[in-house]
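Student: For the protein sequence lines, the chains are W and R, in the order given. Here the first sequence stands for residues 1 to 161, numbered as in the working numbering. Here the second sequence stands for residues 162 to 231, numbered as in the working numbering.
The set of hints was computed from the structure by calculation and includes no laboratory data. Please note that a few of the clues may not be correct.
Which residues of chain W face chain R? A few of them, derived with a C-beta cut under 8 Å, are [stated by the list, open to error]:
| id | residue |
| --- | --- |
| 1 | P39 |
| 2 | D40 |
| 3 | I54 |
| 4 | G57 |
| 5 | F76 |
| 6 | Y139 |
The following label-pair restraints were derived from C-beta to C-beta distances [claimed, not checked]:
| id | chain 1 | residue 1 | chain 2 | residue 2 | range |
| --- | --- | --- | --- | --- | --- |
| 7 | R | R222 | W | G142 | 31 to 37 Å |
| 8 | W | R13 | R | R227 | 23 to 29 Å |
| 9 | W | E85 | R | T186 | 25 to 31 Å |
| 10 | R | E219 | W | S47 | 24 to 30 Å |
| 11 | R | K178 | W | T114 | 55 to 61 Å |
| 12 | W | T114 | R | R222 | 29 to 35 Å |
| 13 | R | L184 | W | E92 | 45 to 51 Å |
| 14 | R | A197 | W | G119 | 31 to 37 Å |
| 15 | W | R13 | R | L191 | 24 to 30 Å |
| 16 | R | A205 | W | D115 | 43 to 49 Å |
| 17 | R | A205 | W | A93 | 33 to 39 Å |
| 18 | R | A197 | W | D40 | 22 to 28 Å |
| 19 | R | A182 | W | P39 | 23 to 29 Å |
| 20 | R | A182 | W | Q110 | 45 to 51 Å |
Keep in mind the model is a prediction, meaning the values are calculated, not measured. Idealized CB from N, CA, C, for every residue including glycine.
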Amino acid sequence: MASRHETAVEALRAFLAAINTNDGYSYTPGAVVRINVFPDQISLDSSLQTIYLIRPGEEVQELKDSGNTAVHLEIFILVVGRFLEPTDNPHEAEQLRWQMAADMVHDVLQKLGTDNRLGAPSVVIDCARGGYRTDYERYLHGWALAEIRMVLHFHRATAGR
Amino acid sequence: MTEQLEQPEDLQAPATKADVAELRTIVLELGQAVQALADMIGQAVEAEERPAAPTLEEQHRAFSARVKEG
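Chain W on its own, in the form it takes in the complex:
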């Protein structure tokens, strides 16, 4: 029996995996996967152009009088796009590495904005209440990337899973 924690995170993964350029997004992720450590070599599949890596952070549980527990689960999403430009020329007007990272982040936030309950209203309460925080200060040769921090809110029965 899946815990609500598991159900909520899987709902997030499936929700992001549904991002598609046909719906007006900039990139269609080739894979959205859950991971525990961010690898320097994004070697899951080098043929993929766009990969979203989901990683859990801290979980805080808040007991409610109603017999439910409010769970606040910190989630980190690393958006990674293949970047094969031979060089980054700072004097060019278009900074493609910046642009790719910003577009991938925008895709994720735009998608999350379409349904705060991630298509799983029986479990997920809100994915946006804690706001989003994005770290663009990243570098990995051959890839454009950024990391988004969010807090996933869901309920579980205090005595259950």
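Mind docking chain R on chain W? Use the hints.
Tutor: Structure of chain R alone, referenced to chain W:
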């Protein structure tokens, strides 16, 4: 067995369309090879000049710590 060399009079003959097409193909392939070489040199120079970046794991931990600090 030695290959028969072309006679001087053949070399002085006007170029045909096929000759021009063949020459064009050779020039294009040469251009592509030069472009590939330039890209390789660009990547090598970038790798040489780039300071050693912290690992993604280190960058994540720094970000996570900043979030916790508020």
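Student: Does each hint hold? Answer for all of them.
Tutor: Verification of the hints:
1. P39: Constraint on P39 of chain W satisfied, holds at 7 Å.
2. D40: Status holds, d = 5 Å.
3. I54: violated (13 Å)
4. G57: holds (7 Å)
5. F76: Holds: closest Cβ of chain R sits about 7 Å from F76 of chain W, inside 8 Å.
6. Y139: At about 5 Å, which falls below the 8 Å cut-off, the nearest Cβ of chain R leaves the hint on Y139 of chain W intact, so it holds.
7. R:R222 with W:G142: 31 to 37 Å: Violated: the Cβ-Cβ distance is about 22 Å, outside 31 to 37 Å.
8. W:R13 with R:R227: 23 to 29 Å: holds (25 Å)
9. W:E85 with R:T186: 25 to 31 Å: holds (28 Å)
10. R:E219 with W:S47: 24 to 30 Å: holds (27 Å)
11. R:K178 with W:T114: 55 to 61 Å: holds (59 Å)
12. W:T114 with R:R222: 29 to 35 Å: Given range 29 to 35 Å: holds, Cβ gap about 31 Å.
13. R:L184 with W:E92: 45 to 51 Å: violated (35 Å)
14. R:A197 with W:G119: 31 to 37 Å: Cβ of A197 of chain R to Cβ of G119 of chain W: about 46 Å, so the range 31 to 37 Å is violated.
15. W:R13 with R:L191: 24 to 30 Å: violated (48 Å)
16. R:A205 with W:D115: 43 to 49 Å: holds (47 Å)
17. R:A205 with W:A93: 33 to 39 Å: Violated, since A205 of chain R and A93 of chain W (Cβ atoms, about 25 Å apart) do not stay within the stated range.
18. R:A197 with W:D40: 22 to 28 Å: holds (26 Å)
19. R:A182 with W:P39: 23 to 29 Å: Violated: the Cβ-Cβ distance is about 49 Å, outside 23 to 29 Å.
20. R:A182 with W:Q110: 45 to 51 Å: Holds: the Cβ-Cβ distance is about 50 Å, inside 45 to 51 Å.
Against the hints set out earlier in the document, violations occur for numbers 3, 7, 13, 14, 15, 17, 19.
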